[in-house]
Each structure stands twice: as structure tokens, then as C-alpha cells.
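A.B. asks: Starting from the known structure of chain A, arrange chain B on it as the hints suggest.
Protein chains in written order, with my numbering: chain A, 54 to 698; chain B, 54 to 698.
These are calculated hints, taken from the structure and not from any lab test.
All values reported here derive from a predicted model rather than from experimental measurement.
Worth double-checking, as some hints may not be accurate.
Because identical chains share one entry, a pair is satisfied inside a single copy or across any pair of copies.
To be verified - The list that follows gives simulated cross-link-like pairs (lysine-lysine, BS3-like), each with its CA atoms no further than 27 Å apart: (1) Lys353 - Lys289; (2) Lys84 - Lys289; (3) Lys673 - Lys289; (4) Lys492 - Lys353; (5) Lys84 - Lys353; (6) Lys618 - Lys673; (7) Lys673 - Lys542; (8) Lys480 - Lys391; (9) Lys391 - Lys517; (10) Lys84 - Lys618; (11) Lys475 - Lys391; (12) Lys115 - Lys168; (13) Lys492 - Lys115; (14) Lys391 - Lys168.
There are 2 protein chains.
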Amino acid sequence: MRVLASPRVPGSLRRAYNTSSLRPHCAPFPKRTHSCGALTAADVGSRVVLTGWLLPERKGGKLLSFFPLKDSLGTTQLVVHHPEVAPNQPSLSDVPVESAVLIEGTVLGRPPAAKRPGPTGDIDVQVDNFILLNPADANLPFFPSNSRNVANEDLRARFRYLDLRRTALSANLRQRSRVAQIVETPVLLRSSPEGAREFLVPTRTVTEDNQPRFFALPQSPQQPKQLLICSGGVDKYFQIAKCFRDEDGRKDRQPEFTQIDLEMAFVSWGEQQASTSAISNVWRIGGTEVRDVIETLIRKIWQDVEGIELPSNFKVMTYYEAMKLYGSDKPDTRFGLKIVDVTEFLPGEQRLAFENRGEVLECLPIRQSNESNFYQTSRRSDVNSPIECIVLTDKNLSIWLTQSSAAGGTAVSETQADCINKNLQLKVGDVIWLCRSPKVPRGGSSPLGQLRLELSELAQSSGKLSLPTEPHFLWITEFPLFTRSDADKEFLAQGRWSSTHHPFTAPMWQDIEALYDGNVEGVRGQHYDLVLNGVEIGGGSVRVHDAAMQDYIFTDVLQLSEQEKSPFSQLLHALQCGAPPHGGIALGFDRLMTILCNTNSIRDVIAFPKTSVGTDLLFKSPATVSERVLVQYGFRPQHRPVHST
Amino acid sequence: MRVLASPRVPGSLRRAYNTSSLRPHCAPFPKRTHSCGALTAADVGSRVVLTGWLLPERKGGKLLSFFPLKDSLGTTQLVVHHPEVAPNQPSLSDVPVESAVLIEGTVLGRPPAAKRPGPTGDIDVQVDNFILLNPADANLPFFPSNSRNVANEDLRARFRYLDLRRTALSANLRQRSRVAQIVETPVLLRSSPEGAREFLVPTRTVTEDNQPRFFALPQSPQQPKQLLICSGGVDKYFQIAKCFRDEDGRKDRQPEFTQIDLEMAFVSWGEQQASTSAISNVWRIGGTEVRDVIETLIRKIWQDVEGIELPSNFKVMTYYEAMKLYGSDKPDTRFGLKIVDVTEFLPGEQRLAFENRGEVLECLPIRQSNESNFYQTSRRSDVNSPIECIVLTDKNLSIWLTQSSAAGGTAVSETQADCINKNLQLKVGDVIWLCRSPKVPRGGSSPLGQLRLELSELAQSSGKLSLPTEPHFLWITEFPLFTRSDADKEFLAQGRWSSTHHPFTAPMWQDIEALYDGNVEGVRGQHYDLVLNGVEIGGGSVRVHDAAMQDYIFTDVLQLSEQEKSPFSQLLHALQCGAPPHGGIALGFDRLMTILCNTNSIRDVIAFPKTSVGTDLLFKSPATVSERVLVQYGFRPQHRPVHST
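So that you can see chain A by itself, here it is in the shape it has in the complex (with noise of 0.2 Å):
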């Protein structure tokens, strides 16, 4: 047997992440053909690859084993027969029980006295090539697939995710989901801090040293989801779940809101080589079934709700992309104006200052010819701004690039300047905007990409420019995994690196060897983003299944403390027990029907929404209550203190 390995995973990646020193495979893997409970009588001879959990092995002889491999619909016997030769190569009798693994093999039928009743009973998969795509601890609390010796209660609660692989429950959440269509994840959860301020619950229980002990209400089901998913119970998780943020009042964000909310087992890999052009469908990460599952949702949705017809795949650009030409991480590509980036057409001294610096020079131009729509609404001044407005007359066509403070001021002869002139296709009445950028796009949004967004505005309004109808959706992947960039982290980061979206989301593969050197900054993740018209209404990722990786990213990367690592200590636990690769997405609901619905206020979405800031007009909430609840509470209302933000 021959341990699988993507072909197009480069060698040295193959000898990091291979499956002889029990580390979880963390690069590309084939997609899987059939679930575990799918082959019949009928695919005997065909070739498959199956993803599931491997249980306890059956030796058939000295050279023969099987075992079962498990998945939440079914389980399908694996035949291995082990070489005579070379007996010490990496062999699934080698892999833990409960551990997530990856097999390619051909159906076999059984002899007529080798067959059992039920699905899968009428074929064994002879094994040729697996990927242990997570090892299970070899010390697990219980062994789920153990129907004979189930464990007590409370340790079953403790490790739900665990309990949730049982085939027992997974059925019940099967059955649960085919009535309400739904996995549901719980609303009163534990406080864990990461981003935006929560909710919490207080209850009426204290703790042996009298601190009072409290729920929160999620943020998003964010672990839950992944916990679900990491148990095996469930394949896919659905979910239209309301989180809760206690935000002090911004425009058209409600305390709580709805998401559509999904998370997938096994997902698996898109195109490995980069695209050629910015806007393509080339996706070079993994979870390709989320992306599909979602834009078939918004399809059938647009096609329901709005008559029209998406095109079948929607477009892909990478967040370095969407910086570079539109100074946006959601840029609205529904008419053009892009940036253009004139470092490499500056002279070599001013090239070299700029490289030095780490920044580049960019220009937004607006061309009287091409640009008309834009043109008669782009003379503004704005002396804070650290944009620079040249409008090219016969005077200054050939020196302003001498001129312009952005580039620096020095001297360009005339030739040059006609060059890069003719480059950048500038006449006499066009005006340009110049502006100094870091090399390494960084945050969402760069000056001149706002100043696109105002003056696409600006022409909206005064009736130059009308948007095209059809909706223009627009994936944009490859974020920087890390970032320093984000105001709203700072409360909690305080110096330290943050996570771009969150720290569950996988590094590229191709990045796993700079994340171990330390090489942070330069790190992309496996995130992608769901834009429609310049709007954010989604986003996921692939998230990390490899708890030494996810640990090493608490720990080294975010620099957490113990007590801050703790709220994930079930996740990093639930990892190690033979989780699988699994990505997932949420859709901001209320942001997506207000594009639907044509409206430009959350609240005409919501049958009962809160005011900006935050307030239940109609039922007067939040209210005050008794103080004979206050004090089972714990609350001391005459010590408050005045509202602090």
C-alpha cells in the first residue's frame, strides 16, 4: 500500500505534511467519490475515494487486515493487504482508531457468504493509497464507535463532539434536520472573547468562591459549528442562526441578527496554479463545496425571489488584486476606474525610493475620453486629504510627475514623462489622483479606493452615471492570515498580531512553511469573501484541523495567554481526536435581503428590528426590572456606575 499524495503538492511540502509521523495531511487531497454508506453490488470494480473515521482493525491473516472506515451515513469495509516487502512503509495498522483518513481503492464484491444485510453489506473497497488526514489522540476519553461499552453521561456531555460520532445521534440529528431543515447550535454559550463585545446572561449560580457565573450569548456559532463538524456526526451543518453583538451604536448594525450559516466535513481543493488574469474563476484554496453550495443558493434565490438568471460561476479575485486595482477588499466592480500602479514606470532613482520605503505609487486617472462619466464630477480639493489632484493642462503635461509631491519630487526628463504618459493613455484634461501606498496591501479599504467609491457616488447622483442592473458577485480569497491593521482588534490584541477573520482560519498550504518560520506578515489564509456590488454578505473559510497547527497559532503567532487560550481548549481537544479538513461560510441574512428587498435600511428587513442605537421602541426594551430579580442576580442597582463606553 502506497501512501497517497496530491500530485501536485511540491516535494518538500509532501515530506512536512506526510502521514508516516502521524501529522495531519494539511495540503490537497483528491475530492471523495462516495460516502461511506453509498457503494453497492453495482460499483464493484470501480476505482473510489472514500473519507471517513478508520475503526478498530480485523486481522484476516498474516498479510490480510480490515477495517471499517465510518462516516455519518454508513460504514464501508476496507480490505488491506499488506506487502511481504518493504513491511515497515506507513500502513493504515499504523493509523489510531477514530483518526480522520482518506483512502483510494477499487470495489470489491464478496462472495455470497461474505454478504450481510444493509447498505454496504455486498462490498469491501480494497485499499491501494490512504492520507491520515487527522490522527486521533491515542488516549480519547471513549471510543464512540463502541456501542457495547457506552460511557457515563457526564463524560459524554463533557465531549460532546465526541458522543455526536456515535451513530446513535447522529442519526437522531439526521432525523432532527430532515423535519426543521435545520442543525441548531446553542443560543446561551460561554464567553469567549474574540472581537466584538457580548451579551451576557448572568444566572443564579455562583462558583465555589462565590463569583457569579454567567452564559453569553454568541457572536456568531462559530465553534459549535466546528465542534459538530469535528465530531463526524453530521456531514454538513445548516443553520439560519441569530448572533448578538453588544455594539454601541453604529449606522444600520443591529444587536442581533441573522445569519445563513453552514460548515462542511472533507472539503476539498480547487485549481493549484494561480490565475493569469485578476478577475477569473480560478480557485486555488480549498473548500470548493462550500463555494458551490453557496453560489447554487444565491442562485436559486435570485432566480426565485428576483427572475434572474446568474451566470454559473461566479468570479474570483485575490485580496491582493482587489487592493491593487481597487483599493478595496470588496470592491464593487460594476463600472471601471481602476488603479494603476506607476512605480515601475519612474525613473530608477524614484523607483528605488520607493522600494526602499516599502511603498509604491499609485494613480487613479480619469481619462476625458474614457472616463466621462466620472469626469465632470471629479474636481474636488480636500486639503486633509493624502491624495494628490493633478489636472493635466498644456503647461504641466510633461513635468507633472516632476511636480507631484506624491512621487517625490524629483526631476523626470521629458521623454520619460511622455512615455509614461502615453502608458497610462493621459491627454490634456484628464485629471489624475497620485497617492502613496505600502508595497503589501494592508486592511480593507486603501485612499484612493474610497475616493473611486465617492466619485462613482458623486456620478450616481448627478445622473452621469447609471449602475448596470444585473447583480455583479464577486469571491475574493487569499486574505493575509494576520494583520495589525484593524482598529476594532486593538481592544483585545493590544500590540499583538490579530487574525484577519478569525483564528480558526487554515493558512494556504503553500504558506504553512513561512507560518512556522515566522514569517507572519506574508502568511495568506484559506478566507474567502462573498461580495455583491461592493457589499460584503459573506464570508468562511477552511479552518485549521491540525491542533498542533492551531495551538502553535494561539500560542506563537496571537501570543494568548492560558486564560485567554481556554474558551478554545474543547476545540484544540476536539482536533486532536481524528477531526476532519472542514470549511465553512455565513451570509449575512439581513444585509442580503436588504439588497434584495431594494432598500437601503436593515431595519425594513426586520419584522421587530432595534434602533441604531440599539432600542426596542415598541416594547420599551431594554427595561428595568425588580429588585427582587436583581438581587437573586446579584446585581446591587444603588452601587451602578453611569454608563461607560
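C.D. replies: Below, chain B alone, put in the same frame as chain A:
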């Protein structure tokens, strides 16, 4: 034009609840035949019944008026010919704008010149009769149908139930529902004491006099869903709703649980005569549409999930019959063992003594011949039980009634005793259980009802009895509207009457006069419980839609203080704005799944449940939070009292 009165309403009620005095109509009315957006040229000539909100009149001459009639699905123009004679009889012209009305009339085709584009643009409906279902207050805060003069946002937020009647908002919610298949209600609500204890959610805001302000998590979305339907913005509401209860640990109760929740406008009436047998199909109260929807839903679930075809109508039993025959308001009808009222068989003097005490003598007979399943498990003695057990022998067969302490110990002649034994089909060797009960059943179960269940469990566990596998669904209707027998409610009621279910349940129209006369005990409500195999899986009711009646119930029956009434002020006002007759139901989804998955524990059908004491061993919640956070929410951990229950 004639004021329409349902032919089955007795004359006195017709006078008491007629429309001329602009009082809401609370008695039966015909079912609507179409929505206001449904009629087309194909319906010309049809007799129709429409329900909706009356918009401002347009005069077409001295004897001719036009009224738009609007519901959430469209608008139909009504044509009213005013009679030359009897001009003082009730007229739609006297009905306030935005009142809920029912009209009966004939569909007229419009002349070509009067046709308008869009649905219902080809037709009018000439009104013959109408019922004023609910008059709108003459001083509405604003008129939602006036699209040219939309009120300011704060006013609309305060009276969201009127704003939701606006066509634009109601279209948004319909769109939202098409996408998510549900309408959602808020989770962050205002605290309102009704039954169980709520979870509070502290905010970082205080009142002007420095009192902390809280949201509360809903025990059920009862008020929001009624307000939604009262608004007229949606015709039907459906949600899989999360509900919360801060209860001290009870077996198999979860602090957060899930309801299948629905509410419908313009629910109409069942049969208006009593049934002749205890178990029947006769549904005498309102809410037949709710019954139909739930039976269809349940039938579909059992068909899809269990592959079982359920009967096309579930059985119906009144609370009175259920208590009399089974000693339970959720009888398990999978086995017989019925209770017999033997008072009528007693000699006159004894019977009179029972009558004077307001009691009856109930008997649970176990006949060796017929109840042999139970016979062998029925011998038990329980000293503290109010139940007397007699084994019939040769010696006591003629004198057991004379000897019985439950019967009162009066001598009964041998002839009388023989006659009673014959009536009860009692023979030597039979076992009978006797118990005195109140003549008017109270509460959810009687001692003999509990004994009946115990005997069934004993018979099952000893293998004597196996229950049928097909599910036994049963509706229980006509519950007492008020109670003093619910210990759980006494905490809030403190000696006053409590609502058996909730204060929004409408009385049966036959009992409205008794309600206003103060005969509270005998008033039956339009409540219905759905019982499956002796387990209550859901309950609901037709709601009070008459603001004056709702206020009377709050103030005069339940004797709520102004402060206790204040959380209901928006509902009272919504009823004054032309709220339609409406009703709904909630099914306990977790309990339903427990039965469908054939498991004993609710925790087996929830992905991440809490333990029986309401803690989460996986996420280790509830948990402490940092003092920095505590202080922001007004907690003083150091002064915290010890856990009080």
C-alpha cells in the same frame, strides 16, 4: 346592506356583539373564500367572503361608495350601494379606517375604461353584508395605508405593528420569508413576568435615575407573533423559535429549547354543536385553520420520517371528557382502563351528600375478564393514597359499597349493590379503585388518572401489555380559561386567578356572558392541546382580539396592577388598531423529536444540550467573566449573595 351574522349565533349574543355599537365581533363568522389579492375576471359573478382592512371611502355619488379592502396579499375595491330607505342601518361608511372587516358580496367585472393594471384591477366586489371584526381606534398614531405621508421613523418604530401593515414593509417580510421560509421574532425582548423565570441580559445603559436596564430572553415569542399578525403585515407566521427559561433543574427540561411556532390571521370556526360521544372529530371552537395546518404538518412528518400514513383527521376530546374518562388532560388513549363516575348509581341520600360537597365518586375497575393485562399488576397498597382499593370476593361483593370509606360508609341494600355491580360489570375477583373527586375537574390530572398510568407502566414492564405501535394523536379542547390549581403559577398569582395557559386566550363565545358576569370558574377557553401517546406535544389557542375584553381579563379577572399590565400595553394598543381575529400554536420541537427518534432523553436529540441542572460541561458554562467586564454591566461580585432558589 345588511350586517352579516353567522346563522348559528344565538340572538342574545348577536345583540351583545353586533357591529352597530362598533364593538369587536367575538362570535363565529364565515370563513373567507379568497385573499384580497386573489380575485380576477374569471371570478366575475361569484359570491365571495373577504377579510381585511378597510381603507378610506371614495364617494361615487349620494348612494354609491367605493372602499379599498386590503390584506397583506393585495387590495380589492369594494362597491357599496347605500339603501334609500333605512339610511340609519349600520354601514361601512361608519366603520373607522384600518378596521378589520369581513364582507360578503358578489364579484363584478369592471367596464373596460375602469380597468386598472395589476391583480384585481379587472374586478370590484359589490358588498351585500359585512361584519366589523375589530374596529380601529379613531385616533391611530398614523395611517399605514397613506403612502404619500409616511410618519417619522421613531413613531413608526414605537407602533411597529401599524407600520408593518404598510405594503412596502409587508412585501419585505414576505420576501424574507420566501428566502428563509420563516419570519423571525426578536430574541432580545423586554422582561414580562408570565409563568417561568426569564433569563435577563444586562446592557451597559441605565435609566435617567441610574437604574440598570435589561433585555430578557423570550420564554416564547408570544407577544411578537401576535403583534405581527395584529399588524396585518403578514397573514401567517411560521418560525422554528428558540425559547428560554431560567428554571431550577427539572428532569428533561432544557434552559433553551426549540418550538415550532405559528400564528394565523382570520382563523375561523368549527362545528357549532356539541359532540355526542367523548372522542369525536367535533371541534367547536375557533382556529380550525391552525388545526388543519398542524395536522397536515404532522401527517407529512410521519409520512416522510416514519413512513406512516396518519388518519386524515385527528380525534378531538374536551378537557371535561378527558378528565372524566382518563383523569388526565393529556390522556394516553393507546389503552382503555377508563374511569367511571359511579355517583349516579348511589342511593339517593349518598348521592345527595356527594352533590352537596361538589364531589363525585370515581371508580377505576380492573375486570379479570376484560382488563386481564392490568389485572395481575394491579394489586398494590399505598397507605398515603387518597385512593381506596377493593378486591371483590364472594364475601364482599354485595357489601363493598357499604364498607367503602370513599363512598361514605352508608348502607347500601343488596339489591342496589347487585344493580351497581351489574352496571359496572363487576364480578368476584375483580379489583376496583375508588376515589372522591371534585365534580368540576381541575388541574392536569386526578389521582385515578395517575394510577391508570402507573398500572399501564407496571403492565408494560412486566410484559403483560404491549401498546400499539401506531401513534395516537388527540386534540384536547375547551380547557377552563382560568385556574387556581397550578402551583407553578401561584408564585405570580398570589391568591388571584391565573390564566390556565396565558392571558391572551379567547373565551369560548358561549361563555362570554359568564366572563363578564364574573362567573370566572366556568369559563372555557378556545385553547387546544395536541397530545401524542399521552404526551403533550403542543398547545395553542384563538387569541382575544377585542381590546376591551383583553383589558377586562387583565384588570378585572386577573387583577393585575398597572405595573404588571405595562409589559402588555403595546398588545392592548395593537388590538385597538383593527387587529384581526387570530390564533396560533407552538409545538415542542425537542419533545417531538424525542418521540420521533424513539429515545427517552431530550438530550439525545439536541446537538449541544445542557445537563439536567442547566450547565454545559463541554463549553464549561455558565462561567465567570472578568471583573473589568462585570463592572461595565453593573455587577458587584464581592457583594454577591449566595445562590438562592
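A.B. asks: None of the hints should be skipped; say for each whether it holds.
C.D. replies: Now for the hints, and whether the structure bears them out:
For a Cα distance limit of 27 Å, the shortest separation of Lys353 from Lys289 qualifies both inside one copy, at 19 Å, and across copies, at 24 Å. Within a single copy, Lys84 and Lys289 get their C-alpha atoms as close as 15 Å, which meets the 27 Å cut-off; across copies the closest is 43 Å, which misses it. In the homo-oligomer, the alpha carbons of Lys673 and Lys289 lie at most 27 Å apart only across protomers (25 Å), although the nearest pairing inside one protomer, at 40 Å, exceeds that limit. For the identical chains of this complex, Lys492 and Lys353 are neighbours neither inside a copy (40 Å) nor across copies (60 Å), given an alpha-carbon limit of 27 Å.
For a Cα distance limit of 27 Å, the shortest separation of Lys84 from Lys353 inside one copy, 25 Å, qualifies, whereas the shortest one across copies, 35 Å, does not. In the homo-oligomer, the alpha carbons of Lys618 and Lys673 lie at most 27 Å apart only across protomers (14 Å), although the nearest pairing inside one protomer, at 38 Å, exceeds that limit. Within a single copy, Lys673 and Lys542 get their C-alpha atoms only as close as 32 Å, which misses the 27 Å cut-off; across copies the closest is 25 Å, which meets it. When the C-alpha separation of Lys480 and Lys391 is checked against a cutoff of 27 Å, the pair qualifies only within one copy, where the shortest distance is 17 Å, while the shortest distance between copies is 99 Å.
In this homomeric assembly, Lys391 and Lys517 come within 27 Å of each other (Cα to Cα) only inside a single copy, at 18 Å, whereas the closest approach across copies is 83 Å. Taking the shortest alpha-carbon separations for Lys84 and Lys618, neither the intra-copy value of 33 Å nor the inter-copy value of 61 Å comes in at or below 27 Å. With identical chains, the CA atoms of Lys475 and Lys391 are at most 27 Å apart within one copy only, with a shortest distance of 17 Å there and 99 Å across copies. Taking the shortest alpha-carbon separations for Lys115 and Lys168, only the intra-copy value of 23 Å comes in at or below 27 Å, while the best inter-copy value is 88 Å.
Proximity of Lys492 and Lys115 under a CA criterion of 27 Å is satisfied in neither setting, with 61 Å inside one chain copy and 80 Å between copies. Taking the closest pair of Cα atoms, Lys391 and Lys168 never come within 27 Å of each other, the shortest separation being 65 Å inside a single copy and 51 Å across copies.
Of the hints listed earlier, those the structure fails to meet are numbers 4, 10, 13, 14, in rising order.
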